[in-house]
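> Sequence order for the protein chains is S and A. If you read the first sequence in the working numbering, its first letter stands for residue 1, the second for the next number, and so on. If you read the second sequence in the working numbering, its first letter stands for residue 1001, the second for the next number, and so on.
Just so you know, these hints were derived from the structure itself, not from any lab. The structure presented is a predicted model; accordingly, all values stated were derived computationally and were not measured. Some hints could be false.
In silico EDC-like pairs for lysine to aspartate or glutamate, Cα to Cα no more than 16 Å straight-line [unchecked claim]:
(1) A/Lys1333 x S/Glu40
(2) A/Lys1333 x S/Asp60
(3) S/Lys38 x A/Asp1094
Listed below are the residues making up each chain.
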Amino acid sequence: MEGAAIKAPMPGKILSIRVKVGDTIAEGDTVCTLEAMKMEMPISATAGGTVKAIHINVGDNVANDDPLVTVG
Amino acid sequence: MDLSQLNALLAGFEGLTYQRIIMMIVGGVLIWLAIKYEYEPLLLLPIGLGSILANLPGTGLLDEGGLLKVLYDAGIENELFPSLVFIGIGAMTDFGPLLENPKYMLFGAAAQFGIFGTLLLATVAGFDINQAASIGIIGAADGPTSIFVASELAPDLVGPITVAAYSYMSLVPIIQPPVMRLLTTREERRIRMPYTSRPVSKATRVIFPIMVTVITGILVPKAVALIGMLMFGNLVREAGVVQRISNAAQNEIANIVTTFLGITIGSTMVGEKFLNGRTLLIIGMGLLAFILDTAAGVLFGKFMNFLSGGKINPLLGGCGISAFPMSARVVQKMGHDEDYSNFLLMHAMASNTSGQIASVLAGGVVLALLSTHV
């Protein structure tokens, strides 16, 4: 799949997903929120573009470096 | 009804001095802060009620055999309550991030230097060495350790020291950021530190609390009551075979002891003894201790940054105190505010948990050095 994946910066649980496939997003936009060590953190797009794929569901536990969203 | 009966009915009003009325209002304010702003509500709410109870005149609660006196003798004078609280804290703490990166233990050690700075200043301000040391411990942002040290070295200051310690713990997100911002550049705060998870075996997690207890017991025997209970709580969490005890430690034991601890600490805030310039000075010096500890940690973080060739974010030094996990969250937020791709949380958690251990050790060192002066 073309595009760059935004990856989980640390292990945690997905609390919400803010984008859907086909959305156009800008660098810095929040794509999802991750809860780690009982702290909620926004995960932001590292580059702008179109959301190509979403690899997670709300409630998923993700590991460090797991792909979350692909933007191309 | 004759006059003597009327006097008996009005006895409650006779001892109602203005100091007691003020302290009842202070108790009410603490309860309000706990409910309205959720500032350490588990502690400030019972402390507030304890203060109101202790300042009601003629109740006998603080006399020999009275409820609050019994609680004080049972749990504060002999340091039982702060020790037991640590079982719950140990069961709630995940030392995993620290075990993945043991080098962060240095941050916990560095952030304790403010204790000794405040000790010197408090001595200059006229406190004796035992009182000064007890005030300095506030800087570690460790409530139980503050109570533990003060109850041995300066029992008459337990009330103000505890109120100061817990107040500043709840104000971590307000007090720490300006100090951290002042001592770091934007570029330093933006230093990214990618998290690389390393698996920590169950054996390591189980052996860690036992080893810490034994090593502390040998090196700093005075800290072993607190560290032993902290590590016992952590052992039941990591052992995996006593889930009931782990749950009880995190919930029932922690809640029950915290409740009695709070009420009893509140009961030391009797107007005539509490309302004086000395209390204000302690609260002011406690804030100074807290700022100095944060500053010492950040400065050490800058030193580590220099040694590592710019790879370590100096903010991590600032959370080498005991206020867990609030201080680690402050660091995560400050790094993230400067750069939305900067995630320092796991490193900050390691530094913050090391601060928990180090603050207890610092308390033990202070006791070891000074208990012969009591």
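> Work down the list of hints and note, for each, if the structure agrees.
Structure-based check of all given hints:
1. Distance check on the hinted pair: A/Lys1333 and S/Glu40 sit about 10 Å apart at the alpha-carbon level, within 16 Å; holds.
2. A hinted pair counts as satisfied when its Cα atoms are at most 16 Å apart, and A/Lys1333 with S/Asp60 does not qualify at roughly 23 Å.
3. For the suggested pair S/Lys38 and A/Asp1094, the alpha carbons sit about 12 Å apart, so the restraint of at most 16 Å is met.
The structure shown violates just one earlier hint, number 2.
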